[in-house]
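Student: Fit chain A to the given chain D structure using the hints.
Here the protein sequences come in this chain order: D and A. For the first sequence, the positions run 1 to 563 when the UniProt record's numbering is used. For the second sequence, the positions run 1 to 563 when the UniProt record's numbering is used.
Bear in mind the hints are in silico, worked out from the structure with no lab data behind them. Keep in mind the model is a prediction, meaning the values are calculated, not measured. Just so it is clear, CB atoms sit at the ideal spot from N, CA and C, and this is done for glycine as well. One thing to keep in mind: the hints can contain errors.
As the list claims (entries may be wrong) - Chain A is nowhere near these chain D residues, computed Cβ spacing over 12 Å in every case:
1. A146
2. S324
3. E469
To be verified - Computed list of lysine-lysine pairs in DSS-like fashion (alpha-carbon distance at most 30 Å, straight line):
4. K544/D <-> K256/A
5. K256/D <-> K21/A
6. K475/D <-> K436/D
7. K22/A <-> K558/D
Number of protein chains: 2
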Amino acid sequence: MEKAKIKIPSDIEIAQNSDMKKITEIANELQITDDELEPYGHYKAKLSLNIFNRLKDKKDGKVILVTAINPTPAGEGKSTVTVGLGQALTKLGKKAVIAMREPSLGPTMGVKGGATGGGYSQVLPMEDINLHFTGDIHAITTANNALSALIDNHIQQGNTLNIDPRRIIWKRVLDMNDRALRKVVIGLGGPFQGVPREDGFDITVASEIMAIFCLASDLNDLKHRLSQIVVAFDYNKNPVTVKDLGVEGALTMLLKDAFKPNLVQTIEHTPAIIHGGPFANIAHGCNSVLATKMAAKLGDFVVTEAGFGADLGAEKFLNIKTRSLGIDPEAVVIVATIRALKMHGGVEKEKLTEENVQALQHGVTNLKKHIETIELFGLPYVVAINEFTSDTKAEIDFLQTWCDQHEIPVALTQVWEKGGDGGIQLAEKLLEVMEKKQTSFNHLYPLELSIEEKIRTIAQKVYGAKDIELSSTAKKQIQQFEGEGWAHLPICMAKTQYSLSDDPQKLGRPEGFIILIRELKPSIGAGFIVALTGDVMTMPGLPKKPAALQMDIDENGKAVGLF
Amino acid sequence: MEKAKIKIPSDIEIAQNSDMKKITEIANELQITDDELEPYGHYKAKLSLNIFNRLKDKKDGKVILVTAINPTPAGEGKSTVTVGLGQALTKLGKKAVIAMREPSLGPTMGVKGGATGGGYSQVLPMEDINLHFTGDIHAITTANNALSALIDNHIQQGNTLNIDPRRIIWKRVLDMNDRALRKVVIGLGGPFQGVPREDGFDITVASEIMAIFCLASDLNDLKHRLSQIVVAFDYNKNPVTVKDLGVEGALTMLLKDAFKPNLVQTIEHTPAIIHGGPFANIAHGCNSVLATKMAAKLGDFVVTEAGFGADLGAEKFLNIKTRSLGIDPEAVVIVATIRALKMHGGVEKEKLTEENVQALQHGVTNLKKHIETIELFGLPYVVAINEFTSDTKAEIDFLQTWCDQHEIPVALTQVWEKGGDGGIQLAEKLLEVMEKKQTSFNHLYPLELSIEEKIRTIAQKVYGAKDIELSSTAKKQIQQFEGEGWAHLPICMAKTQYSLSDDPQKLGRPEGFIILIRELKPSIGAGFIVALTGDVMTMPGLPKKPAALQMDIDENGKAVGLF
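Just chain D, same shape as in the assembly (with noise of 0.2 Å):
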């Protein structure tokens, strides 16, 4: 059970206790052959993009997508349980393989909490993972922040193409937390120091590179999105792409080997791919096209995740990226915790270990929507309560009857604490209603409708809204676009994670709110529209005390205080 419970030792010293096989062990199992992989260190590696050209004709494996509902600093464990139903579905005898993201460094040294999972249930090594991996973010950072670096000078240089400095919309990108670079002037210092402007920097996982990275089937798929990037606007207030700087060549030398997913395993030794980390409240969510792919080809299920509640990740999945993925879903998992429905209630985070099914009956509302929404895609599901020690047994009784008079297909885990072995019952449950039900997985919108019909109907039919509100510029955005063409590409959102709504206070399930379209982002590179709701926060703080100031390294080289 979660790290509630006493005398558990921590993640990272669980981690580091493990006993993991040679990443070559692991690949030999997948029948990898020595060509196609290349080892980062004993136990991390990263796999050649021939593997899909062996395996063009291999059936792909079933993809069970894990979603959960809105988060709550309570904690739901929506990775933990990602990893344990990978490690649960191998000892049930399947051939499963785990497709995750990789974290960000910014809010690793901003805010405690990993993202390789916890417990018993975890990828490892851990330490590695969370730290810069096989440094695939920082070659997007660079490829994000050279085409920065071209444009500015293209600019300075004569700037032949005719661009307004004032229309530039690509932003530099750091994997940082640091809020005082969300607004900048650059250029400073006179003539030899570049063409003064107003700039800011996002967080790498909100680059437009990272979201094309994770969309791109192949290399030249990579090339041609990267060409398609709208960087600005010219005096004329035509769109000036990638192309037009012709440097995707460029770009797409510097991610050439970052583009290869990585394997990794887990804690017992089921063998995952992570790959690819957009966040899912600025950007898409999901792991790699290439990884979920590879995950597919390899393995007959394919465990994956997206990011915070089913209002984010799990519509983007469903939205975006099952349009470049070519593999429909058989099934999803939506992680809950009785803590988090109880916050979802009205508790505060102080007064969750205390029993209260009255706020749990009042939290269940959150739950009962992303239902709902999954239900609106077509496809099967099992919620998932991920048991914590403070957990009461009247609060358990009340979920799991509150489920069956549903007609809630529910089960019980404890993968933090046991592994694989807490999920066998999730894992039992999944496979029946997989059998069971014919899957007939619809996407919410049609690409066709306007952009602004599709906006609303994320708006409706996921977050429950009354309505959408567009700003004046997002009402002049929209028709610009349309005129430049754009308007059949599909929607991201920007929303906060905390609610349904983009207001964060507002908790369980609210109702007759509207949702405010601040502003709009072309993403043509991506393909997609960004639609900013709220204050959300394309480049975060830090908090008043960072985890930085508890990280170190022991006398053997070892990290410590890293979760």
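Tutor: Just chain A now, with coordinates in the frame of chain D:
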């Protein structure tokens, strides 16, 4: 002979068509155990620091330092000669290991010209090494910018250390040539977006963390040095350090894997250790102490280079790096080309293919000054004339005769065209002078000299300046630094690489000039005081036609247009 020759394939073509040995094989030949090797793909690896412990009683190999005349756009091929000499020593049956710096991506995207040697004297895999390699520079960028974010966050969250935002000397960095970031204003946008202040970005290779990374002797020393970094002054003008912020543990954690030296091979399979990469104009210009020490433990001869001419890299190698290294160099190679010496003699780049003995006669004064500098350090040396096809017999004869007349040991090399075979003459001459001459290496100044006197010593003895002039800022800083107890540190000069003076236009051997010291910067963690001269920039810019425009991948995903 260098690239002038027709129909010789390009560096990247030669590199990509070479047969590499598996890195495990190279490691085996060096008796490195499986546990001590972390492969990064099949042809690169990180080396465990445990090797030092295992070999602590083994005698260090002899260190040979490769330096050059002041560089010109005509090219000297110092890296090429470094690699070629290592290969030649191997051919002579010596156990040679090369130690070099890792290239920065900034110049790679800007101006064609690799940092991995050329022709048949290259380190491989050249495109990996020239792109992200094993991610070391990215880790340094991350640590540097994490520190920046933590400083600005500290101020935002109440500023208990009383940091004066106008007196923050810690700058952000990117591994990029990006002039528009030289001077910026950050923290704009209101009270939730940080505190507005002036800031600027340097290129990563100029970061004090890069210098620390290259001078630290082990992980504890790394952490100690990081803790000593002065990031700012408070409102009482007292220094604020990383230790005051309490984040030296986090920074060490971010660097712990990068800190392990990288093993690769040359085109002829001579082992090469490539680690750390400070520029020699704006930083101390040498590969890491760990790289050189590791090479000395693994080989009987270490061939290592320091950046740009002997006025920059070699001066700093000998006055700064040797104090941390604990191994004195035994000999120096001074690389020169007839083309570059003709430029120093006044010939334009376009006319270098025309014979011009008179210009050579004028230009050789530049070589003469660097020879005198090396003699001041008490070290034996050989001048290596790196041949080009455009060199005429009359020119070569002149240079050889000139050397003979001055009793200067000299050797012709054709390492670009012939690999190790082209360096045999140099290697033999070098072994001869090492055997004959008793070395009596000495630093050029004792640490007890005042800051001003140390700078004057370098300017007069190494650059041949008449005197130095301190700006009023520099004068005030010297007073302040002496008050802080920093007067005993060595000096790291920041100066143009193109001239012995601080004016890049003054080629040959200028005389009677004054070196203007514009500003000083305390690098207390690195353990030196940086003295900035002339207009030297710590963030380069991109040229009108950046090399990035030529870069691409081919249908097999291989890099093209990279040199």
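Student: All hints are to be evaluated individually against the structure, with a verdict given for each.
Tutor: Each hint, compared with the structure:
1. A146: violated (6 Å)
2. S324: Check passes; 20 Å lies beyond 12 Å.
3. E469: The claim holds: E469/D sits with its nearest Cβ about 23 Å from chain A, beyond 12 Å.
4. K544/D <-> K256/A: holds (26 Å)
5. K256/D <-> K21/A: holds (23 Å)
6. K475/D <-> K436/D: Since the Cα atoms of K475/D and K436/D sit roughly 46 Å apart, the hinted pair is violated (cutoff 30 Å).
7. K22/A <-> K558/D: OK: K22/A and K558/D at ~28 Å, within 30 Å.
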